[in-house]
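Undergrad: Going down the list, the sequences are from chains G and C.
Residues 9 to 433 (the numbering used here) make up the first sequence, in order.
Residues -8 to 82 (the numbering used here) make up the second sequence, in order.
Quick caveat, the hints were computed from the structure, so don't treat them as lab data.
Some hints could be false.
[Unchecked claim] Taking beta-carbon pairs under 10 angstroms as the criterion, some of the chain C residues facing chain G (in silico):
hint: 1; residue: A2
hint: 2; residue: P4
hint: 3; residue: Q26
hint: 4; residue: Y29
hint: 5; residue: N37
hint: 6; residue: G40
hint: 7; residue: E44
hint: 8; residue: H47
hint: 9; residue: N61
hint: 10; residue: L63
[As the list claims (entries may be wrong)] FRET-style restraints, in silico, Cβ to Cβ:
hint: 11; chain 1: G; residue 1: K37; chain 2: C; residue 2: H9; range: 51 to 61 angstroms
hint: 12; chain 1: C; residue 1: W41; chain 2: G; residue 2: H220; range: 39 to 49 angstroms
hint: 13; chain 1: C; residue 1: H9; chain 2: G; residue 2: P405; range: 37 to 47 angstroms
Here the structure is a predicted model, which means the values were calculated and not measured.
Even for Gly, the Cβ is constructed at its ideal location relative to N, Cα and C.
Take a look at the letters that make up each chain.
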Amino acid sequence: MPARIEPIADRYSAWRLLKEGISGNRGWKQAWRKPEPKARYDVVIIGGGGHGLATAHYLANVHGITNVAVVQKGPIGLGNGGRNTTIVRSNYLLPSNTRFYEYSLKLWEGLEQDLNYNVMVSQRGQLSLFHSDSERDAAVRRGNSMRIQGVDAVLVDGEAVRAMLPFLAMDNPMFPILGGLLQPRGGTARHDAVIWGFARAADRRGVDILEHCEVTGIRRDGGRVVGVETTRGFIGARKVGIAVAGNTSRVAAMAGLRLPVESHLLQAFVSEAIKPLINCVISFGAGHFYISQTDRGGLIFGGDLDGYNSYSQRGNLPLVERLMGVGVSMIPALSRLRVLRQWAGIADMTMDGSPFICRTLIEGLYLNGGWCYGGFKATPASGWCFAYTIAKDEPHPFNADLTIDRFLEGRMIDERGAGPNPWAQ
Amino acid sequence: MLLIPCPYCGARPQDEFHYRGDATVKRPAPDAGLQALYDFVYTRTNPRGWHLEWWHHYAGCRQWVKVERNTLTHEIRTAVGPAEDTPQLSA
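If we strip away everything but chain G, and leave its shape as in the complex, we get (with noise of 0.2 angstroms):
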């Protein structure tokens, strides 16, 4: 089947704005169909959120593999695609994640124009503090580990990171800011916006975004993935992707698997709207806390995980009072504010907090999960690496560590080194 390629007529541009807005707005179209599913399709994507429909356009768009469908068990982005802090940066420390998520962050930069929807990415930079020698130091060794990888880090002293952020707490007694290490190509995306863009994006060359449809079983024959077992009836499929980070456990079982994850809570808030005040992303390093402000004015923060296996998504009160306390020591004017929203996303925090996009035993039924923290930043490229492997049936270079075998294999890739305890990554 051709790809359906989008009338000009109805691309989203400057001066379509202007003519639907002296026209009464009433000529946009639905951003994407609600078809019914066919029998079968070449490739089946288990989750609509970010990876999903990511993975959908760039099936789509880079191998022209157009038969495709992504299923989803109630209307899509409700997920993590609609929980998460916004922020994206690529500053890893080792080779096999700074190679991925400088690549996400590339695509990031360009994808506006890819998508043709404003998904308002804001490089506004990304600084992460140290308030003590040794931190100092394991700063200059992550920012040396990225210039080697062609990323962009600068190291910022006490008296930069106070002129550009005077209202932090430089002088607390026992974690004074030394400075931060920053890197200025980080910053924040619009988090629905993702979502909509790739959904209609990938609905343009014919993609079936099928919502409210939950898959119940995974079909095979033999070795061989046949389809999927949805409440809308069986879908035939040659190849189906696994992309439902969260609840990845639950469904790589429907194919006989077990995986090397925990599902944990993380939590997210956003405080009343203020006039400009933090201009950046910013991370303290003596706490788990970062922190940024939205395009609306809230500011907008998280730290860790609530620490025990839930599927709840609703966090827990304990957490909340910690974060607080930490997000107050480092910005005390955070305590004249109130929060106006609190919610939980559900994180597939992996043994290593490294994620997987790899191939699996079964022959047509491939895996992407375990996004821990990192699932929003990652978006374009987990979509960009996923569409790559299951339509070349071997992993890209960029992907090629990310597999679950790594754990058998001892190739672990473990940033922050917390040994095998999902709720401590």
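Put chain C on the given structure of chain G with help from the hints.
TA: Quick look at chain C alone, frame taken from chain G:
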């Protein structure tokens, strides 16, 4: 806030405990082979529902307790000492 019914101290807030993961994994025999050892160290059932797990009562009696907790609702059904079996799972 989870209230964990420690078998030695009674119901105590989760702040007094450290989570120590899935309590159903058992160390395999030394000659069980690489795959068995890999499963022990790395793979987990990660159920959505009842989960038997270790909590270390570090700010209380300092015992490790086995707690049966629902990962979807956070309801806690039982908590027993480390050597005991929970009635539901042994039944």
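Undergrad: Can you verify the interface hint for Y29 (chain C): is its Cβ closer than 10 angstroms to any Cβ in chain G?
TA: This hint holds: Y29 (chain C) lies near chain G, its Cβ roughly 5 angstroms from the closest one there, short of 10 angstroms.
Undergrad: Under the criterion of a CB-CB separation shorter than 10 angstroms, is Q26 (chain C) in contact with chain G as hinted?
TA: The hint holds - Q26 (chain C) has a Cβ within 10 angstroms of chain G, the shortest such distance being about 8 angstroms.
Undergrad: Given N61 (chain C) as an interface hint, is its Cβ closer than 10 angstroms to any Cβ of chain G?
TA: holds, 9 angstroms
Undergrad: Kindly confirm whether 51 to 61 angstroms is satisfied by the beta carbon distance between K37 (chain G) and H9 (chain C).
TA: holds, 54 angstroms
Undergrad: Determine whether the Cβ-Cβ distance between W41 (chain C) and H220 (chain G) falls within the hinted range of 39 to 49 angstroms.
TA: violated, 28 angstroms
Undergrad: Closer than 10 angstroms between Cβ atoms is the bar; does A2 (chain C) clear it against chain G? Give me holds or violated.
TA: violated, 15 angstroms
Undergrad: With a cut-off of 10 angstroms, does the beta carbon of G40 (chain C) approach a beta carbon of chain G closely enough for the hint to hold?
TA: holds, 8 angstroms
Undergrad: For the restraint on E44 (chain C), tell me whether the closest CB of chain G is nearer than 10 angstroms.
TA: holds, 7 angstroms
Undergrad: Take the shortest C-beta to C-beta distance between L63 (chain C) and chain G; is it under 10 angstroms?
TA: Check passed: Cβ of L63 (chain C) comes within 5 angstroms of chain G, closer than 10 angstroms.
Undergrad: Checking hints one by one. Is N37 (chain C) an interface residue toward chain G, by the C-beta closer than 10 angstroms rule?
TA: Holds, about 4 angstroms.
Undergrad: Given a hinted range of 37 to 47 angstroms, is it respected by the beta-carbon distance of H9 (chain C) and P405 (chain G)?
TA: Taking Cβ atoms as reference, H9 (chain C) and P405 (chain G) lie about 40 angstroms apart, which means the hint holds.
Undergrad: Once the shortest beta carbon distance from H47 (chain C) to chain G is found, is it less than 10 angstroms?
TA: violated, 12 angstroms
Comparing the model with each numbered hint stated earlier shows that hints 1, 8 and 12 do not hold.
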